[in-house]
Amino acid sequence: MIAPRNTPAPTRPRAEVDEIAAVVDAVRVAAPLTQCLTNSVVTGFTANVLLAVGASPAMVDSLEEGPIFADIADGLLINVGTVNAMTVDSMLATAAAREDAGRTWCLDPVAVGALPVRTALARDLLEHRPSVVRGNASEVLGLVGETGAGRGVDAGDDVDSALDVAAALAARTGGAVAVSGEVDAVVATDTPTLRIANGHPIMTKVTGVGCALGAMVAAYLPVARTPHLAAAAATAALTVAADDAAYRASGPGSFAVELLDALARVDAEAVAANLDLR
Amino acid sequence: MIAPRNTPAPTRPRAEVDEIAAVVDAVRVAAPLTQCLTNSVVTGFTANVLLAVGASPAMVDSLEEGPIFADIADGLLINVGTVNAMTVDSMLATAAAREDAGRTWCLDPVAVGALPVRTALARDLLEHRPSVVRGNASEVLGLVGETGAGRGVDAGDDVDSALDVAAALAARTGGAVAVSGEVDAVVATDTPTLRIANGHPIMTKVTGVGCALGAMVAAYLPVARTPHLAAAAATAALTVAADDAAYRASGPGSFAVELLDALARVDAEAVAANLDLR
Amino acid sequence: MIAPRNTPAPTRPRAEVDEIAAVVDAVRVAAPLTQCLTNSVVTGFTANVLLAVGASPAMVDSLEEGPIFADIADGLLINVGTVNAMTVDSMLATAAAREDAGRTWCLDPVAVGALPVRTALARDLLEHRPSVVRGNASEVLGLVGETGAGRGVDAGDDVDSALDVAAALAARTGGAVAVSGEVDAVVATDTPTLRIANGHPIMTKVTGVGCALGAMVAAYLPVARTPHLAAAAATAALTVAADDAAYRASGPGSFAVELLDALARVDAEAVAANLDLR
Chain A
1 MIAPRNTPAP TRPRAEVDEI AAVVDAVRVA APLTQCLTNS VVTGFTANVL
51 LAVGASPAMV DSLEEGPIFA DIADGLLINV GTVNAMTVDS MLATAAARED
101 AGRTWCLDPV AVGALPVRTA LARDLLEHRP SVVRGNASEV LGLVGETGAG
151 RGVDAGDDVD SALDVAAALA ARTGGAVAVS GEVDAVVATD TPTLRIANGH
201 PIMTKVTGVG CALGAMVAAY LPVARTPHLA AAAATAALTV AADDAAYRAS
251 GPGSFAVELL DALARVDAEA VAANLDLR
Chain B
1 MIAPRNTPAP TRPRAEVDEI AAVVDAVRVA APLTQCLTNS VVTGFTANVL
51 LAVGASPAMV DSLEEGPIFA DIADGLLINV GTVNAMTVDS MLATAAARED
101 AGRTWCLDPV AVGALPVRTA LARDLLEHRP SVVRGNASEV LGLVGETGAG
151 RGVDAGDDVD SALDVAAALA ARTGGAVAVS GEVDAVVATD TPTLRIANGH
201 PIMTKVTGVG CALGAMVAAY LPVARTPHLA AAAATAALTV AADDAAYRAS
251 GPGSFAVELL DALARVDAEA VAANLDLR
Chain C
1 MIAPRNTPAP TRPRAEVDEI AAVVDAVRVA APLTQCLTNS VVTGFTANVL
51 LAVGASPAMV DSLEEGPIFA DIADGLLINV GTVNAMTVDS MLATAAARED
101 AGRTWCLDPV AVGALPVRTA LARDLLEHRP SVVRGNASEV LGLVGETGAG
151 RGVDAGDDVD SALDVAAALA ARTGGAVAVS GEVDAVVATD TPTLRIANGH
201 PIMTKVTGVG CALGAMVAAY LPVARTPHLA AAAATAALTV AADDAAYRAS
251 GPGSFAVELL DALARVDAEA VAANLDLR
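Chains as they are written, first to last, in my numbering: chain A, 1 to 278; chain B, 1 to 278; chain C, 1 to 278.
Honestly, the hints are just simulated from the structure, not real lab data.
Treat each hint with caution, since some may be false.
When the alpha-carbon atoms are kept at most 25 Å apart in a straight line, the in silico BS3-like pairs for lysine-lysine are as follows [as the list claims (entries may be wrong)]:
hint	chain 1	residue 1	chain 2	residue 2
1	B	Lys205	A	Lys205
2	C	Lys205	B	Lys205
3	A	Lys205	C	Lys205
Over 10 Å on every C-beta distance to chain C, these chain B residues come out as not near it, computed from the model [to be verified]:
hint	residue
4	Glu19
5	Ala30
6	Val41
7	Pro67
8	Arg118
9	Arg129
10	Asp160
11	Arg172
12	Asp190
13	Lys205
14	Gly251
15	Val257
Here are some, though not all, of the chain A residues that point toward chain C, as calculated from beta-carbon distances under 10 Å [as the list claims (entries may be wrong)]:
hint	residue
16	Thr11
17	Arg14
18	Ala47
19	Leu51
20	Phe69
21	Thr191
22	Pro192
23	Leu260
Backbone N, C-alpha and C fix where the C-beta goes; we use that ideal spot for every residue, glycine too.
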């Protein structure tokens, strides 16, 4: 793991950085079985990201098996990127089963706000209290009915514009909200908002990098002390690995390959040394 | 962008080459939001190709959201590679919405002719007047009921054998028909047939390269002056990039990676310098 | 093709090794059209593996087209990795059509035993007499109702613990059973059990490597003299290629790329020189 291109200038206490970094190693030890109900574009890449960070992916997403597996899996991701009538039922039943079991899960509201079916679905899913909501600023705004500037998966809004709404969302779910952007933010009720300034623009040129972060949050949740810490650690591991991968890559194709290799290498030491936490 | 292995010997006017090449840069400026209803094998690769060439992919493909998004998206691809009862309805409704809006779209009739459900579907879709039909010779023949030699996605027929049928199709839709093969051809009613001799056999050893061309055509349509020009520019960008990628690759795995890197680099200058237009 | 890291110590007759190796070249000559009804995570990777080994993939998986195509395709894979109500019907109808036609097919019982819908489905599919069943030890045990230690796709049991059950399964289907693990085993009724000790732990860090083996078995079946030989040759080609790829790779991302390149190179000579058959 080489030095990233943007040299970190930590402005947060060292203990905070170290606690975040420690989660990255703990996930490799625990190897959490992580169930994903995700969109059809990113299933393979998501599974490979989870394997690289030490989790065990399981794309059990049907109405018939999803809710049952939600009782078995350590982690759960629900990502509404390509919903239809069939997947809506499966996602709602699985989230309900998960809430009943009192266990963590992560909601990724892809393109919510811009499209009606997924927007209604994501709001219904919110009632099942996701531990972490992870999205870009437009998606976070769309989730609560603010009219953002997003079209499809592109954020038309910046991270800071969504922080108040993110805080309100966190108060409502009792969990954390991770807002992705040029500088990522993680918001929760009883904790200062964290900002992570690692990462590289080429991350937006590979499909599923944001979705992979949602899956990583789902895998980190059963291992981390709080949802806030899980979201921060997953964001840290992904963006520190991305800095390294971007340095080695010649374009988006090789970046995706290098990112998986870097995610398989990234550990507490690399995160502690390179995290630009603000 | 290095010189391709087959040195071009342009036999068409320089202005024609330059007009095609200019579209490649224009797409990067416009960043067209490109909706894809495509097959389950190639969703991720298609999205990555669109990102690499400067478009913004959105795989909004359900019956509930597809037709609505067809009004928002700049470009639209419908690819019948893995259809079932649910996707048939979604594709027909989305194509109808697109035609009503008077906007461009690209039809990719994967394996049409060889299989009944998709053949009937593709013929129904044809009624909604796709701006470009893109397929191999067997698929183009299958679309109008000619019995070709194709089995599945493999062309059993050569490009020249499909040119008359392609011209008849173009007359019927008022758009263009792009026939993929060893030398690609682009056919339209009021324009001479173009042939593009770039490209490499290894393109047939990676799944979804043909499907990616269909998606690129969909993204180039809202930017180019005519469907014929969109199809020619997309074919040019893909095959010039493929020449470069094939030169760098050690096999089909590394070719797919190099192709995405090359597509992210390819521009008007590279196309103008390397296009073998006949 | 360089020497693998685990130098082979063949303990089986040279003629046996050579017969297995010869199938790898024969598949490239025959280019079998291979139909896959597989899970949504691995469709693209599976198609790329089939192309690399010289087969022609066709993911024709709907209820409407699957059974028809089963009469056309040379090979057939049914993998139950992400089943739902719709795919259950399609898989059963396609397997029935294949059995009626008296042709070979491969069943991959992903995560069977751990989840109810796929377990019932896989047992129903077994009635249609798959030529080869390919799974890990937990999946093979789960198929016949033994309570294994598997959770999701991870094997909790070792290969030897499943050999008696595999032999009983082979007797029931009249075909072969391939049990994947650290050392793979291929079991059939009238043939000694073969063990193949090639391969590398990083194969478990890329999603779909096991599923790709199932697809390779499906492609090798119409070419090989017996199901046992098809399973052995597919396992040999994959694991010899994986040894080479693991040597070249820097992590799971580059391993997946190198594996496709190595599969495109692997031939009878490389298998004969490197196979660790026991």
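Q. For this structure, which hints from the list above don't hold up?
A. 6, 8, 13, 14, 15, 16, 17, 21, 22
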